[in-house]
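Undergrad: So you can see what is in the structure, the chains are spelled out below.
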Amino acid sequence: MTVEEPIKRRAILIFVLNRPGVLNKISMLIRRKMYNVETITACRTHRPGISRMTLTLFENSDDKMQQVIKQIEKVAEVLSAKELDVDGSFWREVAIIKLEADEASIEDLGRRFNFQILDRCNHELFIVQVAGTSKFVDDFVQAVGEEKIIETARSGFTAMEK
Amino acid sequence: MKGSELVIKALIDKGVRYVFGYTGGAIMPVFDEMEKQKAFSFIMSRHEQGAAFMAQGVSRASLSTANPQVGVCMATSGPGAMNLVTGIADAGMDSVPLVAITGQVPTGVIATDAFQESDVVGVMMPLTKQTYMPLSVETIEESIHEAFLVATVGRGGPVLVDIPKDVQNQESADGYRFDPVAFDPSLAGVLHSPHPDRDAIRRAVALINRSERPIILCGHGIIAADAGEVMKWFAEKANLPVAFTLHGLSAFPVDHPLSLGMVGMHGTVESNRALLNADLIISLGMRFDDRVTGNLATFAATADVIHVEIDPSEIDKNVKTSVAINASVSGALHQLIKNPELISKPRRLWFESIEHFRGEITEEIQEEILSGVGKEGQLLMKTIVSKLSDVTGGRDIIVADVGQHQMILARFYNFQTPNSWFTSGGAGTMGCALPMAIGVKLVRPDERVWSVSGDGGFQMNIQELGSVMEHEVDIKILLFNNGYLGMVRQWQTLFYDGRFAGTPMKNPDFGKIAAAYGIPYRQVSEVAAIEDAISEAAEHRGAFMVEFLCDPSEVVLPMVPAGGGIADMITSLKK
Numbered sequence: 075m076t077v078e079e080p081i082k083r084r085a086i087l088i089f090v091l092n093r094p095g096v097l098n099k100i101s102m103l104i105r106r107k108m109y110n111v112e113t114i115t116a117c118r119t120h121r122p123g124i125s126r127m128t129l130t131l132f133e134n135s136d137d138k139m140q141q142v143i144k145q146i147e148k149v150a151e152v153l154s155a156k157e158l159d160v161d162g163s164f165w166r167e168v169a170i171i172k173l174e175a176d177e178a179s180i181e182d183l184g185r186r187f188n189f190q191i192l193d194r195c196n197h198e199l200f201i202v203q204v205a206g207t208s209k210f211v212d213d214f215v216q217a218v219g220e221e222k223i224i225e226t227a228r229s230g231f232t233a234m235e236k
Numbered sequence: 259m260k261g262s263e264l265v266i267k268a269l270i271d272k273g274v275r276y277v278f279g280y281t282g283g284a285i286m287p288v289f290d291e292m293e294k295q296k297a298f299s300f301i302m303s304r305h306e307q308g309a310a311f312m313a314q315g316v317s318r319a320s321l322s323t324a325n326p327q328v329g330v331c332m333a334t335s336g337p338g339a340m341n342l343v344t345g346i347a348d349a350g351m352d353s354v355p356l357v358a359i360t361g362q363v364p365t366g367v368i369a370t371d372a373f374q375e376s377d378v379v380g381v382m383m384p385l386t387k388q389t390y391m392p393l394s395v396e397t398i399e400e401s402i403h404e405a406f407l408v409a410t411v412g413r414g415g416p417v418l419v420d421i422p423k424d425v426q427n428q429e430s431a432d433g434y435r436f437d438p439v440a441f442d443p444s445l446a447g448v449l450h451s452p453h454p455d456r457d458a459i460r461r462a463v464a465l466i467n468r469s470e471r472p473i474i475l476c477g478h479g480i481i482a483a484d485a486g487e488v489m490k491w492f493a494e495k496a497n498l499p500v501a502f503t504l505h506g507l508s509a510f511p512v513d514h515p516l517s518l519g520m521v522g523m524h525g526t527v528e529s530n531r532a533l534l535n536a537d538l539i540i541s542l543g544m545r546f547d548d549r550v551t552g553n554l555a556t557f558a559a560t561a562d563v564i565h566v567e568i569d570p571s572e573i574d575k576n577v578k579t580s581v582a583i584n585a586s587v588s589g590a591l592h593q594l595i596k597n598p599e600l601i602s603k604p605r606r607l608w609f610e611s612i613e614h615f616r617g618e619i620t621e622e623i624q625e626e627i628l629s630g631v632g633k634e635g636q637l638l639m640k641t642i643v644s645k646l647s648d649v650t651g652g653r654d655i656i657v658a659d660v661g662q663h664q665m666i667l668a669r670f671y672n673f674q675t676p677n678s679w680f681t682s683g684g685a686g687t688m689g690c691a692l693p694m695a696i697g698v699k700l701v702r703p704d705e706r707v708w709s710v711s712g713d714g715g716f717q718m719n720i721q722e723l724g725s726v727m728e729h730e731v732d733i734k735i736l737l738f739n740n741g742y743l744g745m746v747r748q749w750q751t752l753f754y755d756g757r758f759a760g761t762p763m764k765n766p767d768f769g770k771i772a773a774a775y776g777i778p779y780r781q782v783s784e785v786a787a788i789e790d791a792i793s794e795a796a797e798h799r800g801a802f803m804v805e806f807l808c809d810p811s812e813v814v815l816p817m818v819p820a821g822g823g824i825a826d827m828i829t830s831l832k833k
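Those protein sequence lines, which keep their order, are chains A and B. Just so you know, we're using our numbering here: the first sequence kicks off at 75 and counts up by one. Just so you know, we're using our numbering here: the second sequence kicks off at 259 and counts up by one.
One chain only, chain A, in its complex shape (with noise of 0.2 angstroms):
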């Protein structure tokens, strides 16, 4: 959690009932509200029929992320709202990307980053599966150059409190 922004980045946890509408519940609150929401991920639990939903956003103002987070837990559906303590939890995404390379840049990228290989194409184009912190996979991407990517596909952050 180490990007550099001018207005703070934050993270709410929901846990909410896996029942069909309550992703478009919580859009539509970011919509009518105009939060300015980043990432939102969202993943079942061990427990059955409850969901759990990762929503980051940029908002600078202590008061309007309690206005979020009590907004949030009107919903029927959501069984609980927090804000996730930055510095007291781990946050990770994992990104796919493809991008072209020759056998020496990928040995010299792997010497730097710990990455997955997920495909190769004729020595020369390479899906890989970049896992870590937001920094990490902003570092991987810096390090490969952008003219060198072809495709990124990222899932968003999703974290948990230590």
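Simulated from the structure, these hints should not be mistaken for laboratory data. Treat the hints with care, since some could be wrong.
[What the hints assert, rightly or not] In silico BS3-like links for lysine-lysine, alpha-carbon gap of 30 angstroms or less: (1) Lys107/A to Lys575/B; (2) Lys764/B to Lys82/A; (3) Lys578/B to Lys138/A; (4) Lys82/A to Lys209/A; (5) Lys82/A to Lys236/A; (6) Lys138/A to Lys603/B; (7) Lys578/B to Lys144/A; (8) Lys495/B to Lys633/B; (9) Lys495/B to Lys144/A; (10) Lys107/A to Lys578/B; (11) Lys156/A to Lys578/B.
Since the structure of chain A is provided, determine the placement of chain B on it from the hints.
TA: Using the frame of chain A, we list chain B on its own:
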């Protein structure tokens, strides 16, 4: 049992007495079952919006009776459901519990743009507390039971149940059982009334005790919790003056010595000045709507705020609180009254300044009321309402439409009866009064109900005169006809150089319309005839309509201009 039978069964189990609605293809099975069983009264409106407001009338007015009910409205798919939208949005804005049941096209053709199909659930999602679409007959009863629960728990609001036609026709499986008594949905995510926090109560009492210039803001929450009496005891016990929001009016008699009348944009001089000068604002069941606060930047700048509010998302939403008590007002008030540390102080200086505020424009207003006519020689609404208040002793039920007349009723009717004032506040939906009054009368049959509208709002749901006629609903219909959309015209006078864009209109002969619906009618254009006409309407058994020819130049004052703070209140145009 068939789906449609289960719908009726669920409504019977929930104690529904009235269903308002309009049939159509997709809801025919339910209507058929309703006709077969005749288990409750079905009132057909002439427009689905009318049905929604009638249902609202039932919910709002029965709150204070021995048999509080949730109003139910029913419509078909497509345009029928879409016509419910405004009434449902209105219920959401005013926190009125409501259950709307709509028919939907069969499950097999959903999302194929079938005949009379609309995405009701999608459209209603932002407007309702919850939406349900039972996709199998076995989920119909639980959806409806849960709908009623969600509509009434915590902060009230509308809930929609959309039932596809094939599900209405489906037969339940052999082993299907539903026990309405044992049904207890967890409603895990739905917020309900927590108990008032003891520490918060203590801190609130400390603030109240210290305060020299306190003011209570009584909101809709007091009415919804039927806590007017308790609030009066509390105010009397600790010697605290009370101002009312639009929806808080009639919580207790508005001429009580501690009452300051309505506060806000068109509130009384005394309530607004007191609010401006207060050192403590005790807000009970209100949400600091912009009509009350004016410009938030200057609101409560020097006062502490105690906020008793059942919906936690309203706390600190508009106004920062010093002490927040997240609970129903009645629980919180009981705790406050019982607290042994609560004291009463004479606060002589404060009450003296309040008396001073009260006198500020009294003379000017009394002059106007006595004259009875405005600049264009026609009747003044404030005179009519003052006489209505005198003739009825302030004891009757008033259902107001939206506009100048609504503000004048809020200002000049001397409300005595608890929960006797109904209007569209948060949404301000013109056309609400006539249908709402029908619902109100049905659940308050022994009280006299006055439905008051301007000529604009009256014509928006004028078709409901048909329902009045058919069901012989004894409501007294007062039409304040000034040939304009009065409130907008007022703003155009004050802020748009008197350019009346889209406000004047040519009206029909309302007498002929009343006659067409078999409703006795009288037109009043002279001050001397006002009292007589009102008495005649009051004493007549059955619906009665009186049209008053009103002066379009009447201005409702005081007024806090939009964007202005309470300190910018205009009290007189003479200055």
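Undergrad: Against the structure shown, which of the earlier numbered hints fail to hold, in ascending order?
TA: Result: hints 2, 6, 8 and 9 break, sorted rising.
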